[in-house]
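A.B. asks: Assemble the complex: chain A is given as a structure, and chain B must be docked to it using the hints.
Next come the chains, spelled out residue by residue.
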Amino acid sequence: MAANNNNSKIWQDAVSATNECPGIEMLEQVMEGTAKDPKTQNHVATCPHCQTELAMLRKFEYGEASADEGAAVAWIAAQLQRNQKEAAKPVRQAMPFWRSTFRLPYMAAAAAVIAAITLGISFYESEHFQQPSIDHSIGNSPLRSGEIRLINPTGDLVQPPEHLNWEAVKGATSYSVVINATDIDHALVWQGQSNQNNLTVGPELKSKIHPGKPLTWKVTALDSTGKELATGEGRFRLAITRNQQ
Amino acid sequence: MAAQTTIAPSMYPLRADVNPNRPVMERREALEGQSHGEPVLLPGRDNAGSPRKPASTPIAIIPGMRWEDLSDESLITKYREEADTQQAEQYINELFRRHHVKVARWCLGFTGDRESAADLAQEICAKAYKNLPYFKGQSKFSTWLYSIARNHSLNAIRSRNSMPEMDTDETVIDTLPDMTSDNPLKTAERKQLTEIARQFVNEELEELEKQVFTLHFAEELPLDAITRMLNLDNASGAKAYLVSAKRKLDKAVKRWKARA
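The listed protein sequences derive, respectively, from chains A and B.
Counting from 1, position 210 in the first sequence corresponds to residue 210 in the numbering used here; the numbering is continuous, with no gaps.
Counting from 1, position 169 in the second sequence corresponds to residue 169 in the numbering used here; the numbering is continuous, with no gaps.
Isolated chain A (complex conformation) (with noise of 0.2 Å):
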């Protein structure tokens, strides 16, 4: 069974994205005609999944539906547009009754009617009671409210990252990890929760960590109740050796 698992993982790391596959900025070069360094059209030449996504992405720009799916795709269509027209109408409601008497002259004069009472109130209550002070024991936090400050990783890396490391906040219980790339998507690359301030990475992460390609990771920390008490974000990359170049 594990060597039947085996074999199935080098069919299907065979025909999976690597390294060298380029983007789909490249790819769009490749199809038009446009792409001007060799060593992307040999590799795509040699290479299964790109000629794969190559295909795939003709098809979306210049596809054509069959006989029978023109008819659904048309509506399908139609149906975008009318979203996309309905999202864009501004919202109109019938006016209440009540709301019609609130109309601007009634407006106005109750709108000087309350004034009038709260200046009234304030300037009792400013000769009658203290000033409520500001407690400044609570919540002392040297960060910005709503900021985690992540540790490491941060910018240029010479070897894939043991460890993700944010200083800790207070009232949390758990932290919340993802990581994303920064190409044109922003597509996940993994997730992760971690009770403490800190996070192993392990071989299913490292895999995904490819040399030149920028990630962005994010930590949220949550309280007991699940809410967001802050966030932090930043970015790292591991640096391409001269091998790889």
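Keep in mind the hints are simulated off the structure, nothing from the lab.
Bear in mind that the values here come from a model prediction, so they are computed numbers and not experimental data.
All clues stand as given, with none of them false.
Straight line, CA to CA, 25 Å or less: simulated BS3-like cross-link-like pairs of lysine-lysine: (1) K136/B - K213/A; (2) K140/B - K213/A; (3) K246/B - K191/B; (4) K140/B - K127/B; (5) K208/A - K191/B; (6) K39/A - K191/B; (7) K59/A - K136/B; (8) K127/B - K208/A; (9) K191/B - K213/A; (10) K218/A - K127/B; (11) K191/B - K254/B; (12) K257/B - K9/A; (13) K130/B - K227/A; (14) K130/B - K218/A; (15) K208/A - K39/A; (16) K9/A - K246/B; (17) K9/A - K254/B; (18) K130/B - K140/B; (19) K59/A - K140/B; (20) K9/A - K191/B; (21) K127/B - K59/A; (22) K85/A - K130/B; (23) K9/A - K248/B; (24) K218/A - K136/B; (25) K9/A - K251/B; (26) K36/A - K136/B; (27) K208/A - K136/B; (28) K127/B - K213/A; (29) K85/A - K127/B; (30) K59/A - K36/A; (31) K206/A - K191/B; (32) K9/A - K206/A; (33) K130/B - K213/A; (34) K170/A - K218/A; (35) K36/A - K140/B; (36) K227/A - K170/A; (37) K39/A - K140/B; (38) K251/B - K191/B.
C.D. replies: For chain B alone, kept in the frame of chain A given last:
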């Protein structure tokens, strides 16, 4: 859906000696051969065709820019420049309208029925609109939109089919050519075997077989979705291509082991 011609409001300063009352088509014809957007001084004429006296105040009109004359990237630039105005929304609506058919066709290929495809397409367009600030112009807008559509629809299909047809998978996986035992590279690392397997896939399989194999094993798409996506109209759809691919790879692996 055919693009509808809409005249964008003029955005150039007024100039003298141009009659704004001149019919639009006549003005456009006069502009043929002019460089795009360059203001043109046209003698005013009344309806009878007689020359009109020059106006005492500047009343020029510059040719209006048509929506279809603006590229996708120009629409995005104008949208960003004129953010929070009603005009900006018109730019972005035109931009997405141009690609509705592409997104619709793509989604129908994934789902197979128009209602689910419409929902999926709506999600993709909403996601693209939300992420528009991240579009850096490193590729065409349509390529960027494809990337969103691709990732979103693959995730949707995977979550909908979290257990792909197990009998087919198990049958094919059990009989995939065995690269690990009795291989010529006794101490070969898995990386080397992977590279050899990649070579076999690239050299032995036809284009459609390669695509079916890749979409099924790398992207974990179920065979019915692959059949729809690739518009395969043979009797067994993607399964037939997968079986054929497996047969060819079997032969290639046997030849490789025999050579050792």
